[in-house]
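Top line first, the protein sequences correspond to chains A and B. FYI, our numbering numbers position 188 of the first sequence as 188, with every residue one higher than the one before it. The number in our numbering is simply the position in the second sequence, starting from 1, with 208 added.
It is worth saying that the hints were derived from the structure and are not from the lab. Careful, some of the hints might be misleading.
Claimed, not checked - With beta-carbon atoms standing in for the labels, derived distance ranges:
(1) A:Leu108 / B:Gly229: 47 to 57 Å
(2) B:Asp319 / A:Glu26: 50 to 60 Å
(3) A:Glu84 / B:Gly268: 22 to 32 Å
(4) A:Pro27 / B:Glu386: 45 to 55 Å
(5) A:Thr107 / B:Ala338: 32 to 42 Å
Claimed, not checked - Heads up, incomplete: computed chain A residues facing chain B, CB under 10 Å, no partners named:
(6) Val50
(7) Val51
(8) Gln55
(9) Asp63
(10) Ile64
(11) Asp67
(12) Met68
(13) Leu70
(14) Leu71
(15) Val90
(16) Arg92
(17) Gly94
(18) Asp95
(19) Phe96
(20) Met117
(21) Val120
Unchecked claim - Just a sample of chain A residues kept apart from chain B, beta carbon distances all over 12 Å, derived:
(22) Leu36
(23) Leu124
(24) Phe176
Virtual Cβ for every residue (Gly too), placed ideally from N, Cα, C.
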Amino acid sequence: MRQITAALAITLMTFLASAAPSLAVEPDEVLADPVLENRAREISTELRCVVCQNQSIDDSDADIARDMRLLVRERLVAGDNDEEVVNYIVARYGDFVLLRPPFQPNTLALWLAPPIMAVVIATLSVLFYQTYQRRRLAGTGPDPLSPSDRAELDALVERIARTSPPNPSNMQRSRFRAEIEAGLKPPEPDSEDAPTDGGEQTDDPQRA
Amino acid sequence: MRRLVVILPVAIFAALLGVMGALLTDGERNNDPSRLPSPLVGKPAPAISLPAVADNIPGGFSTEDLKGQVTIVNVFASWCIPCLAEHPLITQLAADGARVYGINHRDKSADAVTWLRRHGNPYKAIGFDADARASLEWGVTGVPETFIIDANGTIAYKHAGPITPEVLKQKILPKLREIEGG
Numbered sequence: 001m002r003q004i005t006a007a008l009a010i011t012l013m014t015f016l017a018s019a020a021p022s023l024a025v026e027p028d029e030v031l032a033d034p035v036l037e038n039r040a041r042e043i044s045t046e047l048r049c050v051v052c053q054n055q056s057i058d059d060s061d062a063d064i065a066r067d068m069r070l071l072v073r074e075r076l077v078a079g080d081n082d083e084e085v086v087n088y089i090v091a092r093y094g095d096f097v098l099l100r101p102p103f104q105p106n107t108l109a110l111w112l113a114p115p116i117m118a119v120v121i122a123t124l125s126v127l128f129y130q131t132y133q134r135r136r137l138a139g140t141g142p143d144p145l146s147p148s149d150r151a152e153l154d155a156l157v158e159r160i161a162r163t164s165p166p167n168p169s170n171m172q173r174s175r176f177r178a179e180i181e182a183g184l185k186p187p188e189p190d191s192e193d194a195p196t197d198g199g200e201q202t203d204d205p206q207r208a
Numbered sequence: 209m210r211r212l213v214v215i216l217p218v219a220i221f222a223a224l225l226g227v228m229g230a231l232l233t234d235g236e237r238n239n240d241p242s243r244l245p246s247p248l249v250g251k252p253a254p255a256i257s258l259p260a261v262a263d264n265i266p267g268g269f270s271t272e273d274l275k276g277q278v279t280i281v282n283v284f285a286s287w288c289i290p291c292l293a294e295h296p297l298i299t300q301l302a303a304d305g306a307r308v309y310g311i312n313h314r315d316k317s318a319d320a321v322t323w324l325r326r327h328g329n330p331y332k333a334i335g336f337d338a339d340a341r342a343s344l345e346w347g348v349t350g351v352p353e354t355f356i357i358d359a360n361g362t363i364a365y366k367h368a369g370p371i372t373p374e375v376l377k378q379k380i381l382p383k384l385r386e387i388e389g390g
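Looking at chain B on its own, in the form it has when it is part of the complex (with noise of 0.2 Å):
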């Protein structure tokens, strides 16, 4: 009894210390927004509606042109460097046969027609939403963002932040599989 008066502060303190020290060190959550799950996994796309970017970029489009096939929704802006460096990828997953959407975030028209001049526009359709109110309904905390949205509309994944070689290969394509083949 009298050792464990004496143990028990210790090893009390020494597995706050440790808690803290992991949560501390562990870089893949540390105070990193992009890391917070999203309540919206599992749920129905809330509505949206939006306009096409100009008139010469199709798009335009609405919760309800989602449904039907698996889409692949990405949130993105001209001005956003991290959406530069995940394009490329976007791009292949486009050519590769994915039906991808856009979301133009937060964006001047004219700075998104010239990006998309600049680095090719895989998006089957893109929705413009200058003043964000879109990505507001959609959980959307920065971007790049981006969605899988099942055939049924429902929001079957999403990632925070830039797709990389990495995520591409162990989180997009294994959960575009899972819900194409289920």
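Just chain A, same shape as in the assembly (with noise of 0.2 Å):
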């Protein structure tokens, strides 16, 4: 069970590996040399095709690719190393023709650019949820109630719980006491407005 299991990932594999390679490059560029022909493959992924590009110049079929691949196989064969191979096509197209842009410093910001976002993000994150905490806990300010009230209010709160059909629970308690320390709190402002305007409309005889 396990051989066949075996079996039908490699054939799957294999199948895999076989659509992933591009069709770009064309059997007479291939060099006869494999070593070289690797080599050549290799170098030409990371270099970008100048007219389409976003297609390194193995992906793609433009002449030009064309050309760039025949370019980098006859530098090999001449005998350059990789990094000779790749800074002859760099001197003659600039860093633009490579795909992995090196760290200069016409490139800093597009290297440094993402790790300064990443500390200043992760730093607005702490200070965000500072300040709401801050403001979460700023409800909680000192007790409004002095203890004489607070022993009052307990008592009342006792007395309705008592009288109450039959066993009130813990949270009917609780609901009683927020009730009642509602009712003890100073009148809001607009509270304080809502008696005036009715004594207004009932003191005015002309109206009745």
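Quick one: dock chain against chain with the hints and give me the complex.
And the structure:
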């Protein structure tokens, strides 16, 4: 059973692997020496096709990509090492042909922007969280009730709870407490206005 | 401090949008390979040596032949429509006394001969670059491209794409005056 699974896996991997390589490299370009050819393929995947821009010369069917592939092979056959081949092409087409931009003064922003952004975002997240926490804790100030008020409140709650039928639960107790506590708060400016309005209406005899 | 925490992300996002928007809508540089600066400007023209297009067409030249005076080198092909569009301006430049050489890029000899007969041959010499190997040596990305080579054989300027009357007036002619004067 295990052997069958392994065989299936290998078959599948073979299919996937054979589907993956690009078809841009034509048979007549391929070097006879497999080691050189492998190096050529590796270099080619790192070089941008300058007219297609988002393809490597290894992937591109453009004429210039083919010419550049042939140039890469020509330099390799001439005895250049990988770096010399890449430099040869960079000298003619600029750093832009490198799909992996080099780390140098004019690419500092490119390379450093992501880590800098990450730090900025992390710092902002922490600041946001702290502000949020502070605001949440701001609600719990000193007790607005004096000790004697609180004692009176407790007694009231107990009395109501005892008179309410039958066996009020803890939930009910806390609700009573909340209701009474709300009633003990100094009236809001809005609730002060309300009776004044009502008074004016009833005091207006001409309306009646 | 608290205000900064609110404003900063919005400001960063707005700045990012601004930069991306500007780059996207800037037609001048929008994904146009011809806007890429050539690393060869300011460097000696790479050595190339090309045969003539045909026996009856003046040409065949090497980089050495370019030295001695300012030369315009125009990369063209008979199949290239923008090349045809800029051809009258190239012809005008040559008529005005500029030394204009041509590189016939990825072309067929017979096609190039027919094209030159039909549209005129303003080139002092044409190098036939059928396999574009010399073009590659000069960092050519497509046709047409135009190089200005100074008397020492150094690439003083490169224009990718067709020469329009604006390009001629604002780029090519000032550059020619600059290096001929200096």
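Each hint, compared with the structure:
no. : hint                            : in the structure
1   : A:Leu108 / B:Gly229: 47 to 57 Å : violated, 23 Å
2   : B:Asp319 / A:Glu26: 50 to 60 Å  : violated, 24 Å
3   : A:Glu84 / B:Gly268: 22 to 32 Å  : holds, 30 Å
4   : A:Pro27 / B:Glu386: 45 to 55 Å  : holds, 49 Å
5   : A:Thr107 / B:Ala338: 32 to 42 Å : holds, 37 Å
6   : Val50                           : holds, 5 Å
7   : Val51                           : holds, 6 Å
8   : Gln55                           : violated, 13 Å
9   : Asp63                           : holds, 7 Å
10  : Ile64                           : holds, 7 Å
11  : Asp67                           : holds, 5 Å
12  : Met68                           : holds, 7 Å
13  : Leu70                           : holds, 8 Å
14  : Leu71                           : holds, 6 Å
15  : Val90                           : holds, 7 Å
16  : Arg92                           : holds, 4 Å
17  : Gly94                           : holds, 4 Å
18  : Asp95                           : holds, 8 Å
19  : Phe96                           : holds, 5 Å
20  : Met117                          : holds, 8 Å
21  : Val120                          : holds, 7 Å
22  : Leu36                           : holds, 19 Å
23  : Leu124                          : violated, 6 Å
24  : Phe176                          : holds, 38 Å
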